[in-house]
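Novice: Could you put the whole structure together from the sequences, leaning on the hints where they help?
Protein chains: 2
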Amino acid sequence: MLSKEMTRLGNKRSVIREIFEYGLKRKAEIGQENVFDFSLGNPSVPAPWCVNEEAKKLLDLKVIHGYTSAPGAIHVRQSITAYIKKTFGADIPAANIYMTTGAAAALCICFRALTVSGDEFIAFAPYFPEYQVFVEASGGKFVVVPPEEKNLQINFEAFEKALTPCTKAVIVNSPNNPSGVVITEENIIRLCALLKKKSAEYGHRIFLISDEPYRELVYGDVFVPYLPNYYDNTLVCYSFSKSLSLPGERIGYIAVSDKIENSSDVFAAVSGAGRALGYVCAPSLFQHVIANCLGQTGDLSIYKRNRDLLYEGLTKLGFDCVKPDGAFYLFMKSPEESAEAFCEKAKKYDLLLVPGADFGCPNFVRIAYCVDTDLIERSMPSFAKLIAEYK
Amino acid sequence: MLSKEMTRLGNKRSVIREIFEYGLKRKAEIGQENVFDFSLGNPSVPAPWCVNEEAKKLLDLKVIHGYTSAPGAIHVRQSITAYIKKTFGADIPAANIYMTTGAAAALCICFRALTVSGDEFIAFAPYFPEYQVFVEASGGKFVVVPPEEKNLQINFEAFEKALTPCTKAVIVNSPNNPSGVVITEENIIRLCALLKKKSAEYGHRIFLISDEPYRELVYGDVFVPYLPNYYDNTLVCYSFSKSLSLPGERIGYIAVSDKIENSSDVFAAVSGAGRALGYVCAPSLFQHVIANCLGQTGDLSIYKRNRDLLYEGLTKLGFDCVKPDGAFYLFMKSPEESAEAFCEKAKKYDLLLVPGADFGCPNFVRIAYCVDTDLIERSMPSFAKLIAEYK
Chain S
1 MLSKEMTRLG NKRSVIREIF EYGLKRKAEI GQENVFDFSL GNPSVPAPWC
51 VNEEAKKLLD LKVIHGYTSA PGAIHVRQSI TAYIKKTFGA DIPAANIYMT
101 TGAAAALCIC FRALTVSGDE FIAFAPYFPE YQVFVEASGG KFVVVPPEEK
151 NLQINFEAFE KALTPCTKAV IVNSPNNPSG VVITEENIIR LCALLKKKSA
201 EYGHRIFLIS DEPYRELVYG DVFVPYLPNY YDNTLVCYSF SKSLSLPGER
251 IGYIAVSDKI ENSSDVFAAV SGAGRALGYV CAPSLFQHVI ANCLGQTGDL
301 SIYKRNRDLL YEGLTKLGFD CVKPDGAFYL FMKSPEESAE AFCEKAKKYD
351 LLLVPGADFG CPNFVRIAYC VDTDLIERSM PSFAKLIAEY K
Chain W
1 MLSKEMTRLG NKRSVIREIF EYGLKRKAEI GQENVFDFSL GNPSVPAPWC
51 VNEEAKKLLD LKVIHGYTSA PGAIHVRQSI TAYIKKTFGA DIPAANIYMT
101 TGAAAALCIC FRALTVSGDE FIAFAPYFPE YQVFVEASGG KFVVVPPEEK
151 NLQINFEAFE KALTPCTKAV IVNSPNNPSG VVITEENIIR LCALLKKKSA
201 EYGHRIFLIS DEPYRELVYG DVFVPYLPNY YDNTLVCYSF SKSLSLPGER
251 IGYIAVSDKI ENSSDVFAAV SGAGRALGYV CAPSLFQHVI ANCLGQTGDL
301 SIYKRNRDLL YEGLTKLGFD CVKPDGAFYL FMKSPEESAE AFCEKAKKYD
351 LLLVPGADFG CPNFVRIAYC VDTDLIERSM PSFAKLIAEY K
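Order-wise, the sequence lines are chains S and W.
The opening position of the first sequence corresponds to residue 1 in this note's numbering, with each subsequent residue numbered one higher.
The opening position of the second sequence corresponds to residue 1 in this note's numbering, with each subsequent residue numbered one higher.
Everything labelled a hint here was simulated from the structure, so no lab data went into it.
Just to be clear, a hint being listed does not mean it is correct.
Copies of one chain are not kept apart here, so a pair can be met inside one copy or by any two copies together.
[Unchecked claim] Derived lysine-lysine pairs resembling BS3-like cross-links, with alpha carbons at most 27 Å apart:
hint: 1; residue 1: Lys-198; residue 2: Lys-4
hint: 2; residue 1: Lys-12; residue 2: Lys-259
hint: 3; residue 1: Lys-316; residue 2: Lys-333
hint: 4; residue 1: Lys-196; residue 2: Lys-4
hint: 5; residue 1: Lys-4; residue 2: Lys-141
hint: 6; residue 1: Lys-25; residue 2: Lys-86
hint: 7; residue 1: Lys-197; residue 2: Lys-4
hint: 8; residue 1: Lys-259; residue 2: Lys-4
Specialist: Shown next as structure tokens:
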């Protein structure tokens with residue numbers, strides 16, 4: 001009598017959420033400070049000063065809460081166009097910018113806009129688990145490509161095998177959730193060349209969907225290629241959740257590359273999908289806020305310090321970690337085959353880690369380091385006890 | 001190569017939007033004050049004082065922009081439960097409240113949660129045009145019941161004919177967009193009795209979906225029945241857009257009646273649909289804002305004054321109007337068979353009205369009176385000239 005698929009989705013608790021709930025319970029038992037909760041990807045750095053300042057300024061204007069046009073307020077879209085031009089040198093006209101209720105909405109809208117029955121969408125493991133939910137809800141088939149295990153970069157042999165005439169799009173998420181890995185420019189160039197070749201071979205374009213909520217969160221001298229500069233048929237799904245530390249406000253955008261042939265048709269399909277999914281407009285106050293905060297971020301040096309402490313600490317202890325160049329996650333190899341069993345053992349020391357199966361890498365665990373720096377320092381003795389079990 | 005349906009939806013401009021754009025052009029030509037633009041349902045009354053005041057207070061707390069849990073912050077849901085109990089006497093536990101990104105999201109989520117292939121959803125004309133888009137995007141079939149023409153109440157003969165074993169749900173929108181009509185309690189009782197009878201006859205429950213963004217916008221001594229008090233299998237889709245004049249902020253909720261058999265399954269399906277459509281959580285700042293503004297409204301006396309002026313003015317001129325008891329729309333019979341032709345004639349006098357075809361009543365026009373009172377007064381000579389053409 002109800003949609004079985006929706007009931008299943010609603011009843012299936014996410015592993016991350018389960019660990020988080022366990023953490024809440026455990027904190028109540030032994031004290032907040034004694035639980036090393038690395039489960040959630042909620043920014044720990046406060047929103048930069050401009051966010052609340054702009055919000056307050058805007059609240060004094062009376063008209064700020066009205067509907068904007070469906071793709072967003074035109075001056076907001078123009079600001080984003082100018083920012084993209086200045087920052088990446090790419091020309092994406094305001095007419096190709098569609099403001100969204102966060103990156104999840106952006107992805108759902110893109111999948112729905114593109115999907116024709118039988119279409120396949122490729123993601124590279126490790127991947128954000130909701131990709132599968134979103135692709136399947138749009139009627140597409142979700143295809144996973146395993147990574148190069150040593151560095152979690154693209155495994156091109158596996159990728160080429162996964163491409164078929166049914167491939168509608170490839171999803172790139174760099175910096176990556178859950179690994180923090182940034183795909184190298186060399187690999188992006190290789191990826192794009194392969195997609196061009198296969199598009200020609202299949203006689204239809206393969207789209208590239210760049211999911212990049214972590215774009216600004218990179219540490220050190222790391223280059224994150226802007227995909228519309230490398231491949232014409234690109235849609236960028238951006239969110240301000242992480243850069244401006246406002247994930248609950250749900251604000252992001254889709255940038256449809258102007259180099260896509262008939263990009264106005266793609267934009268129409270995006271608009272239609274936004275409408276069909278009930279996204280009337282992106283939240284208006286925060287549309288205006290972000291327009292005045294473009295290029296700003298929270299204090300990223302905190303994440304960098306956390307990354308360094310955690311990576312160096314765990315590596316010194318003997319854990320096998322892939323060094324994250326961005327985001328606020330570290331992906332670590334489980335010292336035993338079952339990452340679930342390893343995470344259960346970690347719980348004994350009140351270390352809350354997320355097993356990698358849902359990310360498509362069952363022998364890894366995710367450690368979210370968007371936490372107090374102090375917590376990382378205090379967690380090291382527990383990690384030491386944990387690895388001692390394997391020696 | 002793209003979804004045809006989404007491209008079509010994106011390219012099909014809404015009639016309302018077209019008239020509005022025409023209005024912008026015309027205002028640039030002859031001056032803002034000389035165009036009588038009755039096309040858009042954007043609240044003209046400012047948000048009540050509490051909205052911006054609460055927002056500013058909350059912005060001074062640092063943690064306000066984080067993710068809330070998917071169904072919403074628990075204290076917000078608890079506040080809504082308490083408000084519903086106090087105001088309508090209904091028991092809807094916080095566990096059955098799902099915060100949404102406005103009423104459009106609420107409707108899309110409900111349709112997606114309920115729809116099984118072959119399901120039919122019934123709406124009473126005149127109806128909000130996006131119902132059809134949302135139902136069809138969820139895989140359902142949209143069925144329209146024509147109204148009693150004299151008062152735009154439910155035509156029970158037509159309604160009974162429209163009910164079939166495939167009927168999954170019936171949508172009630174009272175106060176109504178586009179007519180402002182409030183369904184009488186007598187008719188609600190009759191509607192619910194019929195649904196109970198038919199549910200028994202078909203051997204499965206028929207849901208009632210109450211879309212009520214205009215609940216508080218009623219003028220005079222008008223009673224708006226709270227449907228969970230009349231019918232067990234009810235889902236309420238509410239929005240704060242109109243009562244608090246913040247349509248752009250996208251904040252509302254779904255209340256799943258606790259009297260639905262296995263209501264937790266229905267809630268699970270709602271949660272699953274929210275997830276599948278990319279609604280991670282409703283915008284967090286405004287979740288908290290509305291929790292502190294429940295029961296407040298903008299200055300509704302302005303809408304009442306507009307309603308009175310417009311209804312009395314037009315009726316005196318000889319137009320055939322259905323008196324609106326609520327919302328901020330007046331539905332008027334076209335004096336000629338084609339409401340489109342009538343609206344074109346109205347344009348000559350710079351009166352911008354919306355023809356009723358998209359609302360399921362092709363011989364009516366919608367007049368949105370969420371405008372400056374002064375504009376209504378100044379428009380009367382133009383309406384007089386317009387009706388003179390028909391005398």
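Novice: Indicate, hint by hint, whether the structure satisfies it.
Specialist: Results of checking the hints against the structure:
| no. | hint | in the structure |
| --- | --- | --- |
| 1 | Lys-198 with Lys-4 | between (37 Å within a copy, 24 Å between copies) |
| 2 | Lys-12 with Lys-259 | between (40 Å within a copy, 24 Å between copies) |
| 3 | Lys-316 with Lys-333 | within (14 Å within a copy, 80 Å between copies) |
| 4 | Lys-196 with Lys-4 | between (39 Å within a copy, 24 Å between copies) |
| 5 | Lys-4 with Lys-141 | both (18 Å within a copy, 18 Å between copies) |
| 6 | Lys-25 with Lys-86 | neither (48 Å within a copy, 32 Å between copies) |
| 7 | Lys-197 with Lys-4 | between (40 Å within a copy, 26 Å between copies) |
| 8 | Lys-259 with Lys-4 | between (41 Å within a copy, 21 Å between copies) |
Comparing the model with each numbered hint stated earlier shows that hint 6 is the single one that does not hold.
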